[in-house]
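Following the hints, position chains B, C and D against chain A.
Protein chains: 4
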Amino acid sequence: MSNNVCVFDWRYGSREVRSLFTVENMVRTYIKVEIALLKALGSVGLAPPYCFSEIEECANKIDPMDIYRREAVMGHDIASLAFILGEKCGECGKYVHLGATSYDIVDTTWALILRDAINILRRKLRGIIEKLLELAKEHVHTYVIGRTHGQHALPITFGFKFANYAYELARSYERLVELEKRLIRLKMSGSVGTMASWGDKGFLIEDIVGKELCLEPHPITTQVAPRDGFAEFISVLAILASQLDRLALEIRELSRTEISEVYEAVERVGSSAMPHKRNPVIAERISGLAKIARSFVTAALENIALMHERDLTNSSSERILIPHAVLTLDQMLEDTSKMLSVIKIDKDKARINIDLTKGAVYSEILVTKLVEKGWARHEAYVKIKEISKAVYLREDLVKAILQDPELSKYFSENELLAILSPEYVTKNVEKLIERTLNHVQKIISTEYGKCTS
Amino acid sequence: MSNNVCVFDWRYGSREVRSLFTVENMVRTYIKVEIALLKALGSVGLAPPYCFSEIEECANKIDPMDIYRREAVMGHDIASLAFILGEKCGECGKYVHLGATSYDIVDTTWALILRDAINILRRKLRGIIEKLLELAKEHVHTYVIGRTHGQHALPITFGFKFANYAYELARSYERLVELEKRLIRLKMSGSVGTMASWGDKGFLIEDIVGKELCLEPHPITTQVAPRDGFAEFISVLAILASQLDRLALEIRELSRTEISEVYEAVERVGSSAMPHKRNPVIAERISGLAKIARSFVTAALENIALMHERDLTNSSSERILIPHAVLTLDQMLEDTSKMLSVIKIDKDKARINIDLTKGAVYSEILVTKLVEKGWARHEAYVKIKEISKAVYLREDLVKAILQDPELSKYFSENELLAILSPEYVTKNVEKLIERTLNHVQKIISTEYGKCTS
Amino acid sequence: MSNNVCVFDWRYGSREVRSLFTVENMVRTYIKVEIALLKALGSVGLAPPYCFSEIEECANKIDPMDIYRREAVMGHDIASLAFILGEKCGECGKYVHLGATSYDIVDTTWALILRDAINILRRKLRGIIEKLLELAKEHVHTYVIGRTHGQHALPITFGFKFANYAYELARSYERLVELEKRLIRLKMSGSVGTMASWGDKGFLIEDIVGKELCLEPHPITTQVAPRDGFAEFISVLAILASQLDRLALEIRELSRTEISEVYEAVERVGSSAMPHKRNPVIAERISGLAKIARSFVTAALENIALMHERDLTNSSSERILIPHAVLTLDQMLEDTSKMLSVIKIDKDKARINIDLTKGAVYSEILVTKLVEKGWARHEAYVKIKEISKAVYLREDLVKAILQDPELSKYFSENELLAILSPEYVTKNVEKLIERTLNHVQKIISTEYGKCTS
Amino acid sequence: MSNNVCVFDWRYGSREVRSLFTVENMVRTYIKVEIALLKALGSVGLAPPYCFSEIEECANKIDPMDIYRREAVMGHDIASLAFILGEKCGECGKYVHLGATSYDIVDTTWALILRDAINILRRKLRGIIEKLLELAKEHVHTYVIGRTHGQHALPITFGFKFANYAYELARSYERLVELEKRLIRLKMSGSVGTMASWGDKGFLIEDIVGKELCLEPHPITTQVAPRDGFAEFISVLAILASQLDRLALEIRELSRTEISEVYEAVERVGSSAMPHKRNPVIAERISGLAKIARSFVTAALENIALMHERDLTNSSSERILIPHAVLTLDQMLEDTSKMLSVIKIDKDKARINIDLTKGAVYSEILVTKLVEKGWARHEAYVKIKEISKAVYLREDLVKAILQDPELSKYFSENELLAILSPEYVTKNVEKLIERTLNHVQKIISTEYGKCTS
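Chains as they are written, first to last, in the numbering used here: chain A, 1 to 453; chain B, 1 to 453; chain C, 1 to 453; chain D, 1 to 453.
Bound conformation, chain A alone (with noise of 0.2 Å):
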């Protein structure tokens, strides 16, 4: 561990997600494809029908390492397993691989593997999701201060916030669902893509193979799988990371000392010089990693534009960008699963902070009353403004407003008192909570992951 470079491999990342991309995993999961293929390769007669299994059972007994030191000799990892697999499993060996290309094998394994990543970064993201519905529902009516260009505008509560949280995230859910036809596809072609080998055995393999994995195959694809897919996963990936950098700005803003509605309630050190520091860590991490996600966006891209019916600069790139990447994103959901869980709402600083202003927070809500009253819209912003800046922060609006000579022939205290209030401009949110419960609901509950690897 103390030899380690990267931090995935011992300090980010749950250990569920990390098993995925181990060297150990993507080798087992390369045999897995290689026996799926010598299955139908028995079913069409150009390999003995009992193959499959005794390969299988030969398998179990190679260490994964082995492949990469024949490949330090022979320069191809694939080549290298079909050569190990064909020189220890007897008989059978002699058709392991045949009329594959190594791709057929590389780009499988992704889409097995990238399938369960899926499900898993899915299920995680599903439960941040309900974890924001829940506090919607429990903050429907938390007052806090809402905040435009840092500035106090009107109140709105904590519960609409989190419920714009959990449409965002939500939406992210979708393309999470919408892209897997892309993406989790066989990839069983052979070189080039014209399954020549197979002869007109060719289709019959590759349905076979998919049914096996429980995969639909791309329609046509060169020597590989078209890129964009992955061009897509890695964006939406860099997108969900973006917005639950949002959230922990949202938490790591309402922690300054000076707002204090939220903090992350967990005991440790919070600064190795500064005894009293408390500070959002976690929040932070989670908008650290975010940079990193929206990186590895720019390499995936370029993976698209691969020469004729290939070319290999995917294939370094891309064993360093998908796992790291689905990492970061594991991540960030573990720690904001986990800052969901440890935040606290102080509800009284939060009531405290909207009347900071005085009042001016309900400015807007004088100049629709004014315009009902028969002003011009443009006029009553005017005054309101005129009225509002003259006493920002120093005086109370409504006393102000009172005090008018204009102003207070159109309102009593009673009707200020009123519509200047929390309540009154909060009106809509519970209806808009309500909506957006049921928009979201719908969404997370797309059934998804009939197939397992």
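Just so you know, these hints were derived from the structure itself, not from any lab. Please note: incorrect hints may appear among the correct ones.
Because identical chains share one entry, a pair is satisfied inside a single copy or across any pair of copies.
[What the hints assert, rightly or not] Here are the simulated lysine-lysine pairs, DSBU-like style, with alpha carbons at most 30 Å apart:
no., residue 1, residue 2
1, Lys358, Lys344
2, Lys385, Lys344
3, Lys201, Lys358
4, Lys383, Lys201
5, Lys347, Lys427
6, Lys442, Lys124
Chains B, C and D alone, transformed into the frame defined by chain A:
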């Protein structure tokens, strides 16, 4: 024109798409949204019911640049628009923008303009896909060497090549269809997204505006629509751009002097210095612009994490990002369409190239045949590798096999001539193209564009 | 203007920088380079010696847009220019562009225009740095709480803050100086870079053109100058943009309603809906444009790996990339300069904020003092953390310590009041600012701009 | 090993560079910095003078992973380290980390490790540049066709090609030298950067630590060193990566079956399916990794805009970014070095390729000669374009000119044979290479590495 610094203002992009993003059309669409809002305000009794049509007439007389002259003073464009309409349009001017926030207007305008833009891009993309399908059918048996790693692999056909591109591009078409339900939505929920100024009439107003503009509302928003929709759109454009880049790279490489299987048959100067040059400049421009399209993704992703109910940092960047990204793709689609209509395929040269390696490209077929005849696959591989290498580029492989003491036992000359041929190795191509055609047709015949803006 | 789609053509960027990148100025500079070449051809006997001045005169009559009207037919802008000069400028027209390739003209034009652009950017950047140094001196003792993780840390001063930004920006200034020797160079080496057409007069021609334009040549090139120079430039601009973003973010955060230590004192509309808003919109625009600046790096990096002696894929992308990147920074520098001149610092609010935590921000000082008094550092840390936490935001730390049975033994009230103060913890600030000032002055007084274009 | 998910932990990157970034070495370097600080504290009387050597000894017994076991509880790695040293190292443990903040340790550790990393990268890069210069000298007259747009342009030589790459890479070398003064600096200024805890001994402590570690301090910092230094470093690595990508792309293209001027002469399996393949896999890996290197720039740029005196979002992202970026380049340099040592140049094939166009590649020379003989350049261009096109790839250009009624008047067969030759058009190549060699030698002989870590 000679004062322009941006190529999209005079040189790149079609007139049709450019006209969507002019200052003129942006402002006209802002006004359209304000009028739809006024109609709704009229319906619910917050404004006189006839006002929307009066303002419609009055707005026609306004010079869009006036907004920006006013903005220079006021520092806010939508506020300037509201003021100008308020001042110039008599009694009804009083109600303009009532209860709305700028981004009710701006985000709804983006939805309207991008709906049109997507329709145009999709139409152009469909045209290209259809052209590729045509070319696939026309060239179903036009042989060409398949190339992997820049090296000759197995023969394929041009039809197979084009069908692959048709499939790949159809995947982008599908994405452009799917993202619409997330991107093209009404944002009409006032400051901080709570419809506060409209009180209990908020949902009704939203509903009326939505029907008027043929837009579904977001179920919930902050002060702005969620930015992940834009990021997804820009990412999907970048993926499409990278696929067009791949097609352009194909043409550029096949146009190489040594390959000469394809060329852009256009009359023009190839080089300012070298009169003989026949450069694939349309394809090169596509590849060049693809880099620009990829670039924009970073900014689009960074726009997602706005603070709280919004900050303004998306505004300036989207003003640049959105029109430039759409126009980049517009030019790329125009260029791709042109490229596909001017390229000539030199079938004879393609056929000659297939034989450059004197048969070595069929080596894989020999391996499979030897396995059928009882060899172990990995031993057959080694044997064929040896003989291929021995004669590579110098001697005919058929002859070499017939002279090889070991291999000559397994093959007759007739059998070799039959199986070491483009015809033999492309048997499945026709059916693959057909399968692709069916798959792609289904995607591009998706109904869309019920509403126009 | 209302027909423009690009904000840099009417709204963003200074007139001065915009004028460098207009079609008009690009073409005028192409002509300038052609004339310098003609002068050299005249000197070495490959053209009549008087021709360069005749062409200079003749060229003045040419409408730059003619080049692009011709290009529409010929498909090549520099070739079109050479033809037009050839046709319209009599006997001397015969020699225009002799032996040159397009990118001798284009890359040398970029060198000339970017030399001017860099000079302007550097001048503006120096202005900002000088303003920051002034502010640093002015506010050397204006206390403000230092913030890490958004949490109050130790007090610092505004002068210290500004000095940090001055140092950071000076690092960018230094980079802008250092990159010039790689970017601003003559490219005058003909097709494929071998000066083939000029025979043994090549080096002489290059030398004369270089002297004429005040440019050192690249020691060797392909058909084009190496693209890493542009990538470095765009990267350096993106780094600078991100630093300005950091400064803008500082202002945006300090402008928060709850913090209110700084605000942009500008008369304008803050929000189209909410009349009371005082939004930091200049700062927000800086942060918004920074995203655009960062975006361009990807394309610039992708332009480096051109094929062989060149391909054309840099051309279309640089047409967009270079002017847009420079103009983005130009606008950002303008905005930063404006922002620094309009911000007001509310010293009283800053002082009040320091005490918000009732002394907890000095906890580190107590740890150090306890170590001086014999405690182990890690034990002192734990003790002080406990007490800080116990009273955090509620009770005064001085009082708490004086009441603590263990700690009260170590401190008198007077000592505590002396060390738990902004004055005590900022003792080194003045000297740090001074050291920075010396360091920065040295960097920004670098001589440059001997040559102008 | 088989449990690893990151290729840099077992497959890519040299042992030498990997060992710099292991958990083990990171922690050892943290301790080294703590000890240097303790030495300084001893010198100025804030700790017993013998403590630094006691702690040095004591620290040797600590297992680096203990830090992270403790961190799991405390949530802070440097604080954990300070505690462990404090608890385990007796009386002197009391003074560990006194007055310092975590990033005094972390940023100084980055400086020390990156100084070593840059030295190694620079050594490897210099080796490659020297190899390229050797190849340039060896192949000064090895003719090869120059290619622009993938089309044959004028002949050049392999030596000229290699000299161009040497020049381009030397520009990166120069950048790696120049950035060091900004990146490799001491950060020893305590919380928020004001040296508050050390009182007036701050500058002295900083000075002593700096001398101990052979590092100049930043003149001023916030709580962390400015992040633009890292962004510059990652950008410079990405530029270098893109240049290596360009060289690799050259090799990949020249290795194409139809071109076959270069190949990687390595014994290995080319394809798991096709035994005849001779794929340029080293070059392809370089191009693949270049995409990863470019990707990281985005995250590095985003790390610059930290909030106020710091936020933590750089931390998690740099843990990934910095080691991965350096190791990516390390592998690329290793691969490039290997590639250059194994490639074979097929001079005969290169010579044959030059004549593929039957002389058309010399068309530009004919234009120049015709101008010398009195033609106008643009008319000569048109005439030569016509005749080149007429015979392109079919007929010999010399013959065509001698048969042309107009042109035959201007040229004798002997003259044509003399000027339409690789020798004639590469006359300046030797001198260009020499000039490059001088330029490059000066850059790579820059003294550096006085200090090691």
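Hint by hint, here is what the structure shows:
| no. | hint | in the structure |
| --- | --- | --- |
| 1 | Lys358 / Lys344 | both (26 Å within a copy, 22 Å between copies) |
| 2 | Lys385 / Lys344 | between (36 Å within a copy, 20 Å between copies) |
| 3 | Lys201 / Lys358 | between (79 Å within a copy, 27 Å between copies) |
| 4 | Lys383 / Lys201 | between (82 Å within a copy, 25 Å between copies) |
| 5 | Lys347 / Lys427 | within (19 Å within a copy, 39 Å between copies) |
| 6 | Lys442 / Lys124 | within (17 Å within a copy, 33 Å between copies) |
When each numbered hint is compared with the structure, no violation occurs for any of them.
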